[in-house]
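Those protein sequences? They're chains A and B, same order as listed.
If you're matching positions, the first sequence starts at 1 in the working numbering and goes up one per residue.
If you're matching positions, the second sequence starts at 1001 in the working numbering and goes up one per residue.
Treat the hints loosely; a few may be bogus.
Said to hold, decoys possible - Partial chain B-side listing against chain A, Cβ under 8 angstroms, derived:
#	residue
1	LEU1071
2	LEU1095
3	PHE1099
4	TRP1107
5	LEU1120
Calculated from the structure, these hints are not laboratory results.
On a predicted model such as this, the values are computed, not experimentally measured, just so you know.
Where is the CB? At the ideal position from N, CA and C, for every residue including glycine.
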Amino acid sequence: MTDIQGTEAAPLALPAPSRAGRVRGLVERFGPWLLTAFLIGLWEFAVRFFKIPPFLLPAPSQIAVLMYNEWSLIRMHAAATISSMVSGYVCAVIFALTVSALMIRFPLMERCVMPIFVALQSVPKIAIAPLILVWVGAGFHSKLLVVTAIAFFPIVINTMTGFKEVDRGLRDVFTSVAASERQIFFQLRLPYAMPYIFAGLRIATTLAVLGAIVAEYLAASNGLGYLVLSGSFNFNTARSFAAIIALAVIGTTFFGLMSLIERRLSWKRHAMGDQTTHD
Amino acid sequence: MAVIEDKGALQAKAGAGISISNVSVVYGAGGAEPVTALKSINLDIQDGAFVSLIGPSGCGKSTLLKVVSDLMRPTAGQVAIGGASPAQLRKAGRLGLVFQQANLMPWLNIRRNIGLLKSLVAGHGGTVSAAAPSVDALLDVVGLTGFGEKFPHQLSGGMQQRAALARALALDPAVLLMDEPFAALDEITRDRMAFELMRVWQQYRKTVLFVTHSLSEAVLLSDRVVLMSPRPGRIHRVIDIDLPRPRTPETRLTEGFSKLVLELNRELYEVMH
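Please work from the sequences and hints to get the whole structure.
Next comes the structure, spelled out in structure tokens:
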């Protein structure tokens, strides 16, 4: 009994943190960074200790040196990847939102088109990338198309889910003053669907990066995907690693940027709270 | 010209009586097994009265409220509210609806939720009544002053329902139509809300049609209680509640109150057996 009271009282008393407590706090906060640093150190040590040839596995220090020396090259290829990825993504967003709005406005269109989208959703879109190259040829446009094709589906499907799931009760409020279809779309469906739309947009960022890399693997003379491939062909493994690191940074930044915009524009689903209960 | 005069007439009336004549609702009419939800309902509610609809589930009380709210068309019969049809009033934004759920837009703060209907009516070319109270006045009336910038999920269930009541009053409605507005609340909050509603009603004197499951709530709030019976839904009895106003928590301790609740209980038992 006294034990239980003791532990319960502890957080209230706010005692001066002990040394062990401080270390624990630091580990909790910086744990992932410390672990990463440790693994990189281990990697460096292993490469040096076992004398692994650089074309098999370059040491982190070698990669860092190469990134520093070839910074302008990496920057140029990164710019190519980012431009095709971002334009493809923007195309996918515009296209997906327009198609969703049209499908809501014209239910017949939805009934014809939506099942096709749902069926295509389960087809790995990467598989059609070579065909796009055949049709459009290598270069910026084929990259843009591959990115658009792959990023389009999650956005359209999530957006439609949001548009269609609009709470019946909220709709009744709009109906009670004879709101127009236009008002219902812009002031009810669109804001209601925001969390769904952003879920789609976040999935699409990851896919857009993937699409750009695949297109560059297949046929391209620039871009980070190309750099990864050419690095491995020439046994310049450190360069491949450098390109992969750049891709990771780009992907994470893109995803983070989207989450930031979401926080600005959207409300959270869980904020609906008990609105879903019915007797 | 006639249309404009008509609109003027709608706005001139602060409140309006409700007249329900011969209303029937049949689901699946013309099908193999039509279900009669409401059969020849006749009911006259005078301007400014508080009337409750009560009865076992399936008696069609919510259906009747939907017909008066123009959320559903009756199969036969008609409803007139202050001489206008529910459809006309709905288009003019003069029906104040409160639902079981607060149905607040989670992405709008309370102030904008309350102002939503006003902006919707103005946005589709309607005219907002000159008598429509300001959002600040409404926040004050329902006791939410200082909560205007909060979002719905930051408010308790009772407070959300107060905001929904304020929203229903925002367009200076001809009538208030309430479908079990306190059913989702806990007992204590529910009790408080009943007195809050009476206070607001005393202030605005709107005609209220109130659907509830609770006998004591119906007796406490109403001028008249309409008891309905199921299969097919029709009016079993209308009971006048002649308890003096203003009613207080003490009203429930009076003999008159318990007598009425008992009588309703007996009638309800009859209806169900």
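The hints, checked one at a time:
1. A cut of 8 angstroms between beta carbons decides the hint on LEU1071/B: the least distance to chain A is about 6 angstroms, and the hint holds.
2. Residue-level restraint check for LEU1095/B holds (minimum Cβ-Cβ distance to chain A is 6 angstroms; threshold 8 angstroms).
3. For PHE1099/B, the interface hint holds, the least distance from its beta-carbon to any beta-carbon of chain A being 6 angstroms, beneath 8 angstroms.
4. At about 4 angstroms, the closest approach between the beta carbon of TRP1107/B and any beta carbon in chain A falls short of 8 angstroms, and the interface hint on this residue holds.
5. Using the Cβ-Cβ criterion of 8 angstroms, the hint placing LEU1120/B at the interface with chain A is satisfied: the shortest such distance is roughly 5 angstroms.
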